[in-house]
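*Asks:* Going down the list, the protein sequences come from chains A, B, C and D. According to this note's numbering, the first sequence is numbered sequentially starting from 542. According to this note's numbering, the second sequence is numbered sequentially starting from 542. According to this note's numbering, the third sequence is numbered sequentially starting from 233. According to this note's numbering, the fourth sequence is numbered sequentially starting from 233.
Quick caveat, the hints were computed from the structure, so don't treat them as lab data. Take these hints with a grain of salt, some might be off.
Pairs of lysine-lysine residues, derived as DSS-like cross-links and limited to a Cα-Cα distance of at most 27 Å, are as follows [what the hints assert, rightly or not]:
| hint | chain 1 | residue 1 | chain 2 | residue 2 |
| --- | --- | --- | --- | --- |
| 1 | D | K303 | B | K703 |
| 2 | C | K341 | C | K311 |
| 3 | A | K554 | D | K272 |
| 4 | C | K300 | B | K664 |
The structure presented is a predicted model; accordingly, all values stated were derived computationally and were not measured.
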Amino acid sequence: MRRVAVIGVGQSKFGELWDSSFRDIVLSAGVEALEDAGLEGKELEAMYIGNMSGGRYLGQEHIAALIADYAGLAELNIPSTRVEAADASGGLALRQACMAVASGMHDIVIAAGAEKVTDVGSKAMEILASATDREWEVFTGATLASLYAMIARLHMREFGTKPEDLAMVSVKNHKNATLNPKAQFRREISLEVALNSPYVAEPLRLFDCAPLSDGAAAVILASEDIAKKYTDTPVYISACSQASDYIALHSRKDLLTMQAVVHAARQAYEQAGIEAKDVGVAEVHDSFTIAEILAYEDLGFAKKGEGAELIREGVTCLDGEIPVNPSGGLKACGHAVGATGIRQAVEITLQLRGEAGKRQVDAENGLALNVGGTGATATVTIFTR
Amino acid sequence: MRRVAVIGVGQSKFGELWDSSFRDIVLSAGVEALEDAGLEGKELEAMYIGNMSGGRYLGQEHIAALIADYAGLAELNIPSTRVEAADASGGLALRQACMAVASGMHDIVIAAGAEKVTDVGSKAMEILASATDREWEVFTGATLASLYAMIARLHMREFGTKPEDLAMVSVKNHKNATLNPKAQFRREISLEVALNSPYVAEPLRLFDCAPLSDGAAAVILASEDIAKKYTDTPVYISACSQASDYIALHSRKDLLTMQAVVHAARQAYEQAGIEAKDVGVAEVHDSFTIAEILAYEDLGFAKKGEGAELIREGVTCLDGEIPVNPSGGLKACGHAVGATGIRQAVEITLQLRGEAGKRQVDAENGLALNVGGTGATATVTIFTR
Amino acid sequence: MLPRFWRKIKYRYDLVGTKCKNCGNSYYPPRNLCPVCRRKSDIAEMKFSGRGEVISYSVVHEAPEDLKAQKPYVVALIKLEEGPVITSQLVCDPENVRTGMRVKKAFRKYGEEGEAGIIYYGTKFVPDE
Amino acid sequence: MLPRFWRKIKYRYDLVGTKCKNCGNSYYPPRNLCPVCRRKSDIAEMKFSGRGEVISYSVVHEAPEDLKAQKPYVVALIKLEEGPVITSQLVCDPENVRTGMRVKKAFRKYGEEGEAGIIYYGTKFVPDE
Ligand SMILES: [Zn+2]
Ligand SMILES: [Zn+2]
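Just chain A, with the same shape it has in the complex (with noise of 0.2 Å):
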């Protein structure tokens, strides 16, 4: 297996693109990596595409080729793969696109995520939860964010986390989000508003819950030695592991543990060589303010039932021992579904190269975490300079 670097990323802006299309938004986030990597174009060997739902979104599949068509690449004629898990989707087209450049057989292969939501208007609520159990977890009522705070409740209950805790990942996801141009929401809220918020689903409201947000994002991977051709920045990725679980909460047995994301970090650190103390900064799957809390704890930042004293001591802060969303994460960058993955990636490559601006940490490597739904997938990707 070859080592891969990223030679380019690129970013859409995030929230409610009212004036974009589906084609706008990525041919965005797509020209932005090109030119970040400097390429042309027709030097793209291969092209991934995360995208949770274009069939219910937008009536359409077939979005990879409908995205190589529109990147201008259709004369090219080369293989353009969409795979999707959820918003677990853009971490996928991630590792796909890792294997297919590790394995030889591709020198140059571009991952993009990209999700079009608010044209479906009220309907995108019901169509995320398209990501959970539709014949036993959507039939009776519940919602992903219902899912999530039933989690929540047993947390607390079980560990003492206290709604505070999980508005203050969401005060520090905003702050985070201030100092990120792309962001969807740019300004800080107080702890107060955050706890005053209206209920979604008890004990959660709204300040506890991502947007769904238009966007994409796109990264350019190349092998170690072609990526020296293009960047004096090269960072690498140092492991891009994936893995499953029951899709529904129900069926798994610690309802406080998501087992694919245990899963997914023990492979990455092991084939990174690296500990979890070693992550200098983060980009975790906040979709809920109890998924951050959650993802502490699995991916072994904390120990079970202490997440929430990382966000109490200001651990995952910008300025405390291990930022995590310094971009603002899904609840503030903006949660656009199956582009989060890539987000997510295009984030910690620009941290890791000192390319961040106000909100630049000091890293030697970074992970990102990407669930999907409930937890029945998660992909955990290690960086490092």
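Based on the hints, put chains B, C and D with the ligands in the right spot on chain A.
*Replies:* Frame of chain A; chains B, C and D with the ligands shown alone:
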């Protein structure tokens, strides 16, 4: 890159499977493949699933995690990845699985394809149209059949292909299907019946169009060394190529050549070290009869414009020089959209093993061509004994 | 009614799941393959009593279109007395739900299919103490 | 009206596409990136005359739900005089269509959005000879 072998195959029945749910259908194919390979299940290291539109047909995304779960693999936490390129989704799953084994990333991998289309009733056709360009083709009233119909009309005008030639493709495939116990339509049809069936989109008639079927198929791949532990009749995958093209038919310079097919075939022949004339049996994507004629040409079985001669002269019949679609093809075995690319691989494997029963042909090399939409994606896989 | 609903009626209405006779584990929703035994699975149908206990719950305020009329409603994770945990609506005043509460199954209306206006029924749970 | 429709109104109603000033190729539907020049693309909007010729066509008998009332209708591949080929409905008696026929654009009703009952208009083509 390591040599990859097929060590197990399985398929559900194809058709309108009213009594079976999506989960039931996939499971029946998967268990058959495990039994065929002599595996318990825990030997599987990864899963790839081809599925076009679970989001529209079932209200369910995150299909790969769902299938791994209901296949009893959740406790193993293996990576499970859905890939999609309309009705070429199965071919993509096969290619990703091949890559995973060839690269040394995994030793034993399952690739499956599945679709459950009949639950949505009359909407199935509109959903299939999302394989083409929703904004600039479907919006105007173009159906998938009408796009292939326009290709057929041009082919007739340019090369003298006749409605009778198209009908003969359908007659051949129906005849083959009578010998396939898993096929949806197991009755012969006459040329007269085909030529007098009602128009779907002129000049294509009902018997020019494959049905939309429920069904699933699975193949288990392993590296050469491991394959020898499990089977005395490994079938090797000597190439698996994928290519893309403009998503909309109107954007292509040559409307009568599928560049994605030409491109994927060229790569596959080169990698396998064979030529078109060395192919002893083929399963090709006859979603419409004209597509089989184009396949003859674009795969190099005939020169451009001379495809119809192969069917007129019986070259592609079961007892011809290059039997095509011995299973009955999409037209008569059934077109379970995302399953098709894998079902083709099952058929070719059975043929090369000598286990194809009454439809057995004699061949050293087999080929499978899976096409998405009107040709924006194509995969060509070459199998050898 | 759409086939994907009537196909499940027995399982939904009567709380019929499955049991693996090889390892003794029981499953609701039903499984054709036991995740412990896989190809050694020996699956038989099994009817559940419908009694259980609330493990966790949420009061849903932001509901999908077709359930907006019912909000706020309670969704719960219920541990059946035979072992499996299931997700279900709990017909109960949100003020009165608590973790550990005993509940039992009840037959209730679930929703309406948009186009045909068909009404779906299924199992919900009610307090049992 | 859904944003994905109004976002395209100018392009659909007025047949506005794009031209790449680097290679001279013109595109309809519009492209932001020229597939010949890619990052060297120099894209500008361009209005098409709306005159062209039928390259191929099909009379649609099996139509999706929302177009069933119109069937059989004619769908055609039309080569615009500026070069690009587009897919469009052709408002014409199916008996009278032929390959090579001259056509021109016309403003016509396309369909109705199910839920809100909003009517969509756009460009169709009519005979021009
Ligand atoms: Zn068992
Ligand atoms: Zn140009």
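*Asks:* Of the numbered hints stated earlier in the document, which are not met by this structure?
*Replies:* Going through the list in order, the structure violates no hint and respects every one.
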